[in-house]
Each structure stands twice: as C-alpha cells, then as structure tokens.
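Residue numbers (this note's numbering), protein chains in the order written: chain A, 1 to 349; chain B, 1001 to 1332.
Take the hints with a grain of salt, since some may be wrong.
Stretch-level coverage of chain B by chain A, calculated; a stretch enters the list once three of its residues show a Cβ under 8 Å from a Cβ in chain A [said to hold, decoys possible]:
{"hint": "1", "region": "1068-1074"}
{"hint": "2", "region": "1244-1257"}
{"hint": "3", "region": "1276-1287"}
No wet-lab data here; the hints were simulated from the structure. Quick reminder that beta carbons are idealized off the backbone N, C-alpha and C, glycines included.
Each chain, letter by letter, is given below.
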Amino acid sequence: MDRPAPESRLTSNSISATESGDDFLLRVQGLKKYFPIRKGLLGRTVGYVYAVDGVSFAIRRGETLGLVGESGCGKSTIGRCLLRLYEATDGQIFFQGMDISKLSPGEMIQFRTRIQMIFQDPYSSLNPRLRVREIIGESLRVHNLVPQGDWQDRVRELLAEVGLRPAHRASYPHEFSGGQRQRIGVARSLAMNPDLIVADEPVSALDVSIQAQVINLLDSLKDKHGLSYIVIAHDLAVVEHISDRIAVMYLGKLVETARDRDLYLNPKHPYTEALLSAVPIPAPGGRERRKSRKLIQGDVASPINPPSGCRFHTRCLKTMEECRRIDPPLIEIGPEHHVACLLYGGGRP
Amino acid sequence: MRESLIQLKNLTTHFFTPEGVVKAVERVTFGIDKGRTLGVLGESGCGKSVTALTIMRLIPDPPGKILEGEITFEGSDLLQLSPGDMRQVRGRDIAMIFQEPMTSLNPVYTIGDQIAETYVIHQRMGKPEAFQRAAEMLRLVGIPAPERRVHEYPHQLSGGMRQRAMIAMAMSCRPKLLIADEPTTALDVTIQAQILDLMLGLQEEVGMAIMIITHDLGVIAEVSDDVVVMYAGQVVECASIETLFLQPRHPYTLGLMSSIPQLGRKFKEGKARLKEIPGLVPNLIRLPPGCLFQPRCPVAFHTCTQQRPPLFSLDSGHGVRCWLVEKEARNP
Chain A
1 MDRPAPESRL
11 TSNSISATES
21 GDDFLLRVQG
31 LKKYFPIRKG
41 LLGRTVGYVY
51 AVDGVSFAIR
61 RGETLGLVGE
71 SGCGKSTIGR
81 CLLRLYEATD
91 GQIFFQGMDI
101 SKLSPGEMIQ
111 FRTRIQMIFQ
121 DPYSSLNPRL
131 RVREIIGESL
141 RVHNLVPQGD
151 WQDRVRELLA
161 EVGLRPAHRA
171 SYPHEFSGGQ
181 RQRIGVARSL
191 AMNPDLIVAD
201 EPVSALDVSI
211 QAQVINLLDS
221 LKDKHGLSYI
231 VIAHDLAVVE
241 HISDRIAVMY
251 LGKLVETARD
261 RDLYLNPKHP
271 YTEALLSAVP
281 IPAPGGRERR
291 KSRKLIQGDV
301 ASPINPPSGC
311 RFHTRCLKTM
321 EECRRIDPPL
331 IEIGPEHHVA
341 CLLYGGGRP
Chain B
1001 MRESLIQLKN
1011 LTTHFFTPEG
1021 VVKAVERVTF
1031 GIDKGRTLGV
1041 LGESGCGKSV
1051 TALTIMRLIP
1061 DPPGKILEGE
1071 ITFEGSDLLQ
1081 LSPGDMRQVR
1091 GRDIAMIFQE
1101 PMTSLNPVYT
1111 IGDQIAETYV
1121 IHQRMGKPEA
1131 FQRAAEMLRL
1141 VGIPAPERRV
1151 HEYPHQLSGG
1161 MRQRAMIAMA
1171 MSCRPKLLIA
1181 DEPTTALDVT
1191 IQAQILDLML
1201 GLQEEVGMAI
1211 MIITHDLGVI
1221 AEVSDDVVVM
1231 YAGQVVECAS
1241 IETLFLQPRH
1251 PYTLGLMSSI
1261 PQLGRKFKEG
1271 KARLKEIPGL
1281 VPNLIRLPPG
1291 CLFQPRCPVA
1301 FHTCTQQRPP
1311 LFSLDSGHGV
1321 RCWLVEKEAR
1331 NP
C-alpha cells in the first residue's frame, strides 16, 4: 500500500544511502556497552559488566536479521543501544551512512521516527493510564507527522493494519489480552512509518496459539511496507522462521553470522551447533534424539569477569590449548557466513 | 508390564471469586503408570497447574474448592486423607518442582537447610546426617562442590543451579511420582537440555513416574511416554506420544502443532505462513456453550455449538473430546 509517507520530507533532507556509498540501512561497527558496577558510599566504580564487547554487523533494507543467544548475552542491550536508549560505551552506529551514535538528543529526533521498537512484555510496555488512541497517536503528534485533525484517522488506519477494530481506540490496555496488547505495540511502532523495527522478544510472553498470530502479522507488515527488522529472541525456531540472516551471540560477542539456511544446515561455531542441538523438536522420536545429541555442560560465564581468550572455551566441546589465550575475531568463511572460532583459522599469530 | 500408580477420575476444582466461578479444572480423568512419564500440554489458564496442585492438595481454600473426583494413589484416595496423612505423602511419595526456582526456594534458609528438612521430617534423621545427605543429593544432581554449596543461599546460585537444587530437594526421599510444573520454562535452551537429561536420568535410576507440565510441544516430544492435552480446564486429547504426533485428532492439538515454528521446516517445505488458531482462550468464568473449543475451531458444525462432547475413546487408549470422532468411538 502506498500511503503518502509523512516523513518523506525527512528523507529528502537527511543523508541517503547512496551519498555515502553504503548500501546498508544500518551498520554497526565495534559496538561496546559496559555497565559500571558501583559500590560503597561514594559510588566508586569497582568493575564493569561487559554486556556488549565489540560487535559489528549490518542490515540491508527489507532484510530481517535475527539475533539469538541465551539470557545475559547482551542481545537486548544491542537493541537498546541502536535506539540510543542506552548510550554505547564505544563504537559507531551508521544509519543510512550517517553515524547516529554521537548525535545530540535534538539531532537524534529525526532518526527516532526511522527506527522503532517493539518490546517483550506487552503488559509493562503500554502506559496503563492512556487510551489506545493516545498510546498510538502520541508520537504522531509529537513529531507533527500528520495534520492536527487527521491523527485520529491515522490511528484508525493503524489499528486496522494490526487486526484491531476502530472501536478499540477508546479502550485502555488492561481491557486487552496479551496478544492484542502486542498488536497495539506493533501499531505504535508502525505509526512513524519507520524503516527499521527492533523487536525485542516480540512473542516470548505470549501463549503458543497466539504467537503465530503475531509472527504472521510481523511477516505481512514487512512485505507490505518494505520494513527491515532486527528480531531479538532466545527461541531459535521463532528466529529461524522469521529471519533472512541470523547472528548468534555469546557473552557480549557475535560468534557466528550466516544466512538462515547456512546457519541451520551448516553451523560452524561449536556454540551454534550446541544451541541447535539443544532445541527440542516437536516431532516423534524425541527420546532417541535427546540421547544422541551433543550437550554442552555448565553455565554461561559471568559477563563481569569473562573468560580469557575465546569466551566460550569454558563450555566448548572442541576446545584447544590456544583457545584460552586467543580471542578469535569474526572472519569470513563463505558468502555472508562469518565465524569467530580458532577451528576456522581466525586469529592465529 | 504396566502398573497404574495414580489415577485421576472426574477431578473438578473451581475457584469462587467475586467476579464469578472460575471453572479451572472440569472433570479431568487420566492416569500415570509406574515409572512412566506423562506430559501435560496446554496454554496458560488451561488448568494444567491447578490439576497438579489438586493432586498435591495445595489448592488455597478459599477461594478454591475441589468439588468432586477421586485421586487413587497406590490404592487409597488422596482426597479422603486427613491433612496429617497428606503431609506424609507430600515430599515422601509425591514431590513437586516449580517453574521459577527463585520464588519456590526460601531465600532466608541455605540450600542445605531446605533439603535436609525433608530428611528430618520424613526419615527422622538427625541434623548433621541430614546435611550430609543433602550434600550427596546436590552431587547427584550435578552441582559442583556440593560441600560448599549446601551452606549457600538460593540467590548465590544461577537459575540452572537453583533448578537442580529444587530437583535435589524433590528427589531426596525418592518419591514415586515427581510432578514438574514448567521446570525448564525459565531456563535457556542449553540449560533446559541439561535439566531434562538430569530428570530422566534420575528416573531411570530410581524408577519413579514423572508428570511434566509444559506449554512446549518440543519438550513434550523429548521426555513423554504419554500425553494429555488440556484446553479450558478439560482434557481434550490423551494418547501415547507416538499416536499424538502421528495421528492427532482434536482440532486444538492439530492447531497447536501447525502453529508453532519448527526448526528447519522452512528449508524442507519452503517458507509458509504459520497456521493460526484464531481468537482467544475462553474466559473460564463465562465458558462458551457446547464444545469449549468451538468458537475457535475451523471444523465446528451444528452439534458443537449445542452439546459439550464427552471424551470419546478410540483404539489403544486414545481419547478425543470432539464430536467428529463420535462414529469411530468404542464407547461414548
């Protein structure tokens, strides 16, 4: 559908992709986010949580990038850094070729409409004291994207797009089920006609029979509006279903990025293999599958005091002597297939 | 040879709230054989956890009430036991582990205290000996340095370790039945795999039966011998794991199976939209007329909106609560 895009005004005066010779919508370079740990009366910094520690990736227009990893690996922190909800400790975030990581809040405003977010918990991410029309319409008014009298029409249109009724405009969030609330969250993120939506665990708080409704909604909106998504999730099956490319994270670093098919059929990093084999498959023969899989032991190490060398070496089934010393960089091993593991030659002195 | 351990018959538990009567569990009937694993599958609000709490007789009363039914466990009806006798059954014969180990462990007692308590109560052991046994249990569930860990508090353990400690506590008296309510839902997949392996490993060693409650069809596939599918407080389908996956019959079961994304499916069959189950789980206070799934069912017909279907039994213990199978049913 070709809606007159209100922010086309914005596009014309911001830097377009071609100008900088960059065909990526978003490119992240060496992103780091350390959270200080403060102690005592004076709040002295006694250490850092190395939540994201040097992550680089890029996403094309119309592409869906899945970001998977276990809890505490830093995947949500990346999402929040992209929207500048957290200030990155280091690194650059190029949006259509322009580094937005150092922009002032005022300069950032025009980019706020271009990158939107969908949150995990549809209960805490909607203000309980606002009506649906205010939740969805607030940003339209703040950014002056539609003429004064028209924003209600736009809200109606957005509700229809996410499968809710116009009559829902006057309701409060508590009147909706979890799935419907997530639809409201999706409508809110669409209101700005964004280029990129960061969806942080968009379905994990929903019931199984409702998850499919929201996944399908995200899929069809993407096709309709040419959106790009970054889908952050721990559920590998959901990520694989929805993504064109997948990045696997472990303890603040990317360990493998590949096209969806390559990651599933030809995983290279031992952690990716372990993750894939740990996912229970809803099909007969599960007991036999369970007995034959390669299971990694132990817990994820602490991001406060990450292991030396390769951060996965403490749990890796293929660990070698040099893994303790050398932190492998992400190297290309095939078309769009990158892996950070010494087994594939990266980082040997 | 299969021998019945526990048999639930027409179990009904309602909650009497100011808004109305919540029919959480409605005439639920199923059994578990000795040494077998039963998976109970369902979404939130389907009554799977209330069923487990009813077996343990841990329903808060008021507002909850077990209205009718029998729970035959090794020959006696648990619902007829005195509170004192039931306390003996809990922990010793039937033990339970919960979804969120942080909220089910007591934060002000050490792990050792909490495990040793079961030995002191059920086996009248002295404290030092009970502590030693607690450490042995922690070793059994794969917690490193158990002598040190028994003196630690729940917050000092990771999520996976806490769930192991819960399992150690539940296993301490070698129960005949372990009820696990979403034991791995709060955990990461690699840790989930470890915990499931641990539970089934202990099962082989001790020979206990397991009732595992989950919304995850994948977990069900990996651990269960038999499956009960629940919807809105009722059992809608029960079958062996093979039958459930190869010949599912209830439209809800079929809907669930095709609505979840499955790893690798899109490369085998091409990317397709997930099949949705339209609508919402019904409000347990105002249930729809006729079949409870009928408002969301793609194949519902006239009878479905008029009459609630019974659980029809097909061959080899396959039960289906759907009018579509009426003609094949052996008995109504």
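Checked hints:
For the region 1068-1074 of chain B, the assignment as covered by chain A is violated, since 0 residues bring a beta-carbon within under 8 Å of that chain's beta-carbons and 3 are needed. Coverage of the region 1244-1257 of chain B by chain A holds in this model, with 5 residues showing a Cβ closer than 8 Å to a Cβ of that chain against a need of three. Counting residues of the region 1276-1287 of chain B whose C-beta lies closer than 8 Å to any C-beta of chain A gives 5; at least three are required, and the coverage claim holds.
The structure fails hint 1 only (numbered hints given earlier).
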